[in-house]
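Okay, here's what each chain looks like letter by letter:
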Amino acid sequence: MTALRSIHISWRFLRVWRRNLIVYRRIWKINFLPPILEPLFYLLAFGVGLGSFIESVSYRGEVIPYVSFIAPSLLAINMMYNAFFENTYASFVRMYYQKTFDAMLATPLSLEEVITGEIMWGATKSFIATALMLAVVSAFGLVAWPSGLLILAAAFLGGFAFGALGMIFTGILSSIDLFNLPIFLFITPMFLFSGTFFPVENLPPWAQNLTVAFPLTHLVNLTRGLCLGASTEGDWWAVAYLFGLSALAFPIALLVMRRRLIK
Amino acid sequence: MASTKNRKIIEALHLHKTFGDFTAVEDVSFELHRGECLGLLGPNGAGKTSTVRMVYGFSPMTSGSLHIFGKDMRSQWRDIKYGIGVCQQENNLDPDLTVLRNLEVFASYFDIPRQEAAQRALELLEFMGLEHRVDSQVTELSGGMMRRVVIARALINRPELLILDEPTTGLDPQSRHQVWDRLELLRSQGLSILLTTHYMDEAARLCDRLIIIDRGKVLVEGPPSSLVEEHVGRDVVEVREPSQELRGLVRELGLRHEDLEHRMIIYGSEEDRLFDRFSSIYCSGNCLLRTATLEDVFLVLTGRELRE
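Here the protein sequences line up with chains P and Y, keeping their order. For the first sequence, my numbering begins at 1 and goes up steadily by one. For the second sequence, my numbering begins at 1001 and goes up steadily by one.
Hints are computed from structural coordinates only; laboratory data are not their basis. Model, not experiment: these values are computed from the prediction. Be aware that a few hints might be false.
[Claimed, not checked] One side of the interface only, derived from the structure: several residues of chain Y facing chain P at Cβ under 8 Å:
{"no.": "1", "residue": "Pro1060"}
{"no.": "2", "residue": "Asn1092"}
{"no.": "3", "residue": "Pro1095"}
{"no.": "4", "residue": "Val1105"}
{"no.": "5", "residue": "His1198"}
{"no.": "6", "residue": "Tyr1282"}
Ideal Cβ placement from N, Cα and C applies to all residues, glycine included.
Kindly produce the complete structure, drawing on both the sequences and the hints.
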């Protein structure tokens, strides 16, 4: 029993990852649209619309245009959304409705490889979407190079962390409708209060402390530093936080999925 | 010594499977020999699926031992799974992919190189009579076609052992016969098959040997024909609305029978000449003589109450 229960991960997770890539490529034109159009909408609404009210924001001791402040936020939010939605709704559909995991588990793949492949795919989706969005944002002159390239690494790391978190919910929630709960209680507050649309310093001190716990706060800080070419040594804390979160969420995701699927 | 061991494709000893307080499989032991088709028969919830899921390494055993191809499932599950093809109960084809892609992607889970996979996939689809649906979306297929794709997919790794969990449930008669025809061909080519079903005609047609299980336990085991002979005899007389006199006579003679209020079923051997004896005196068009079938065995052994 212990042999079956212990964790089995090998390179075979790439097979699962590749299955998702094949499906993604089949409708790549549709998959490419949101990360290209979304930043355009947001930059128009916030940059032009709202930006006429808020011309500049103070960031790390410098005054920067509002549009420069929110461009990295859009990138970071995009990372979170892509990975989290992939490993909640999309993974749940594959697991529960399509029984794709059941079919895989009748092959030499282990459960851990299936779930690892899924989470790595979530991180990859975050990476691809970020690459596309980065190209659009860069066209507006809002990305500092070459540090901007490291945003792609942040996209993968952040994607992995949010994907693993999403996978935990997929492992424990009984129906697809219940995903509204983590989205309402977890994703939406982060979307608004992680230093995304206004500096965290504008919040009362108790709320500021709360935002430190949000994974997105760290992903936004990291991305903004890279995007503006203003990274500081403090940004390593963001990297450490995201690695730590991944190291914690990933094994929990494997555990809850094992509980759910292996009967 | 090695060759006799090699003859055993499956050796399952004292398999137990519990889910919390519920015991799904209780002390099930069986063997499957090379080239044999073994059927697991039982009503819904008998433990058929729980048993085969342990055999293909999907669910861990609660206790017992399981050797497949002479390898221990606990320690060598990955090796074993390379040699098994599984057709699960649900049609879990990938709806995001075409028929051909389904097989190709599945082949990659077995480390089959891409070119080889494409070639095998086309061969298998042709074998299952699906060469005209190679590029179809899975969602466009009928139930019967989906089942055939699932079987083709289960053969992509050229398995030594094919496991089929209720392969024809929900199919129309034409599709069932087509599936049976293909399975018979595979069997004649020497493939070892483990099959679960609750269709008696399917079991009688495909299986060399049957195990009837109920409530997680093995009731009987043997070739279909000997099970019938042993447990119900050769002839069966069914009497609609039997008279009290007939009921009395049957009891007096000590004949094996079942009395179902509006119907009486009397089991006997050919020598009894049951029908001749009854028909002239007690029957007025309400008696039917027929050959005993596996279904009689099944109902005698597992009872008639509904399983839900």
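Hints, one by one, checked against the model:
The criterion of a C-beta within 8 Å of any C-beta in chain P is met by Y:Pro1060, whose closest approach is roughly 4 Å, and the hint holds. At about 4 Å, the closest approach between the beta carbon of Y:Asn1092 and any beta carbon in chain P falls short of 8 Å, and the interface hint on this residue holds. Checking Y:Pro1095 against chain P by beta carbon gives a least distance of about 6 Å; that is within 8 Å, so the hint holds. Using the Cβ-Cβ criterion of 8 Å, the hint placing Y:Val1105 at the interface with chain P is satisfied: the shortest such distance is roughly 5 Å.
The restraint placing Y:His1198 at the interface with chain P is violated, with a minimum CB-CB distance near 21 Å, outside the 8 Å limit. With a cut of 8 Å, the hint placing Y:Tyr1282 at the interface with chain P is violated, because the nearest CB-to-CB distance is about 53 Å.
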